[in-house]
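Chains A and B, in that order, are what the protein sequence lines are. Quick note: the first sequence uses the numbering used here, first residue 1, plus one each step. Quick note: the second sequence uses the numbering used here, first residue 1001, plus one each step.
Among the hints, a few may not be true.
Here are the simulated EDC-like cross-link-like pairs (lysine to aspartate or glutamate), alpha carbons at most 16 Å apart as the crow flies [said to hold, decoys possible]:
{"hint": "1", "chain 1": "A", "residue 1": "Lys210", "chain 2": "B", "residue 2": "Glu1110"}
{"hint": "2", "chain 1": "A", "residue 1": "Lys210", "chain 2": "A", "residue 2": "Glu253"}
{"hint": "3", "chain 1": "A", "residue 1": "Lys338", "chain 2": "B", "residue 2": "Glu1199"}
{"hint": "4", "chain 1": "A", "residue 1": "Lys73", "chain 2": "B", "residue 2": "Glu1199"}
{"hint": "5", "chain 1": "B", "residue 1": "Lys1338", "chain 2": "A", "residue 2": "Glu253"}
The set of hints was computed from the structure by calculation and includes no laboratory data. Note that the coordinates shown come from a computational prediction; the quantities given were computed from them, not determined experimentally.
Protein chains: 2
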Amino acid sequence: MNAEIISVGTELLLGQVVNTDTVIVAKELSSLGINLLYSAVVGDNPQRLKAAVETALHRSDLLIMTGGLGPTKDDLTKETTAAAAGKKLVLHEGTMERLRQYFHTDTVTEYQEKQAWLPEGCTVLQNDNGTAPGCAFQAENGCRVMMFPGPPSELEPMLKNYGIPYLKQWQEAVIVSHNIHIYGRGEAPVAQMMADLLEGENPTLAPYAKEGECYLRVTAKAKSEEEADQLCAPIIQEVKSRLGEFVYSVDVETLEEVVVKELARQGKTLATAESCTGGLLSKRITDISGSSEVFHMGCVTYANEAKEALLYVPHEILEQYGAVSEQTARAMAEGIVKRSGSDIGVGITGIAGPEGGTEEKPVGLIYLALSDGKNTWVRKRMSNGRMKNREWHRHCAASQALDMVRRYLLGLNVLTEYK
Amino acid sequence: MNAEIISVGTELLLGQVVNTDTVIVAKELSSLGINLLYSAVVGDNPQRLKAAVETALHRSDLLIMTGGLGPTKDDLTKETTAAAAGKKLVLHEGTMERLRQYFHTDTVTEYQEKQAWLPEGCTVLQNDNGTAPGCAFQAENGCRVMMFPGPPSELEPMLKNYGIPYLKQWQEAVIVSHNIHIYGRGEAPVAQMMADLLEGENPTLAPYAKEGECYLRVTAKAKSEEEADQLCAPIIQEVKSRLGEFVYSVDVETLEEVVVKELARQGKTLATAESCTGGLLSKRITDISGSSEVFHMGCVTYANEAKEALLYVPHEILEQYGAVSEQTARAMAEGIVKRSGSDIGVGITGIAGPEGGTEEKPVGLIYLALSDGKNTWVRKRMSNGRMKNREWHRHCAASQALDMVRRYLLGLNVLTEYK
């Protein structure tokens, strides 16, 4: 089944809004084994929209329209598409009833009523998060047509709850993907290690780089989800055996999630002492719901006085080695363990830029320390590639600190060489 | 001048990558006054790409291609587009020289050389951040064609540094936009207050909602930037006079930037005491380069013991009123002032969810306190709309805290009613 998406909205052509609808729909089509051959954006213009819809009805088996279902004059997706597909619009009483309930009124305005006019004989896709329903029907020429509202918060649940069950009627194959998350090995060395596996056809294996990390996606196509999973399993196993401890999870999204879960499993607590990351590490840990079990305290010690007062960093160390030094990072990690009584303390200090770098201590130099009260490990991180900014340095430093905690918890070498 | 974008890449049709190229290009076209009428995505398929290019050459004055300029077999944008436009590819010696330098070699591989074959007579758009150059030329039928590499980190600087100067040759008008940032008034009340101004044609005024804030964009079209600015000025003035203190900036992106600048201007320092936001507030403050001048210390006190130990929150208050209470927020703000010696302290405590809510203290209940050592103000924030999640509650709480600081610094009512 060959599919096509048309997103409607002038705002998408002005660069004011990112077209996330297409990504949401494309992902779902891909996982259903439906080939998406084109996606297009057309403004709120009836002539151009009509031309685009006619072309699509002609060349595709499935046309998905997003946006332009609302109550205003600009919203002309339904009228234009239904006309091109040879369908009349009729008033849908169920939707009228929902509108009356939504607005707590007996008389829905003319504008609002517009949303209840739907192509005759269509399957109505209920909108649980807004007023404009979607719909699905077959055009006169046989092409299947589906329409979804533009706001992603309405489209996404409607697609998942009502659109996909509708589509599954013609599903020929299931596509299943698993993501193998890697920390400490970049995309290039990973691709080299997996060169033979990247040639595979079913499942396929593909490397991706993302915010200083790398992951491999294993994708299999089969008659059922179970069968697709069985195809993936040996590849996942092989990747894990080649990359070993550098694989931090399969299908878990983030390092912080892995770390919080492992801390909870071991009944251990973590505390943070941050300088250049300014709270980003504690923010990422507390992004995880339930992190309060394992994270009780963090200190953001931006000024030297704060490092001394909160973390007992000796004045002499700051004087002699400077705030950005191995010694200060070590003292911060040890200090936060003492201050918090947590099992593990992490200290981060460095130069995130764009200002503040020197020849000796350039932007991107960051020290990361982990202490368990008995032993302390310190890593030096340098990063001076092009296109690297403050946000990048801070994000990567927080990630590396999280991987140090993961490694410590799993009894791995905290100071392993990253490549 | 009517323009069209075609992005090339199967990965865009699988939902694996968001098409940010289109947004980047669309924004720039819009600011140049060039009308973008269509944007489309086509996979790495020569037949479909050829058809799409032919349609575009036929109906548009300017065709912008993104992606598919790289060295591999999949990269067929240049070959396909040049053929459709009636142009031969010729080897560009300047690019060959750049490739030799880039790879530190005398002999560039056949794959790499592919990137140096460009449409004859084209203007070469240099790639300062990668190997594949872009190009610009006029097709046989008169349509202007430009090609850019796919990675946004290569496309964006190439577009700004070489693409826009090329485009400016035919520029008929300049479009200038200014964003008026608002905190404490939502999109609906703002739109209502500005109803008459929203009808304007040049400049136009349009309201947008973004992450719990609202902004108004004023856009004018004129012969020169100065003229466009002169058209915008009275509208900006009028909006500011209607919204008063709820306008926090024009064209400055974030509340944190405004707050850091105002603190610096007044020579004041701020310290943070965070519970439910877990470091997000200090992270946002330290996102701003140079924040070390005004921000010395933050404490993330997730556990009650941490609130007592670091912020001197009395045990009895936590016992009697609970960690999520007006009293605790007040004690946190006052405690961090004492602990840090800063001029202003902010305390945040609440329930970010999705777990931990009760009937009495539901998810989304957050207390925010500001203290200057003499006086303390506490706000209660409730948020229980649909589609609100942990990230949303945390983000909005941090924003509100920043607005409280802004209001305090400007001598405005810290406890004003937000609508």
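If any of the earlier hints don't hold here, list their numbers in rising order. 1, 3 and 5
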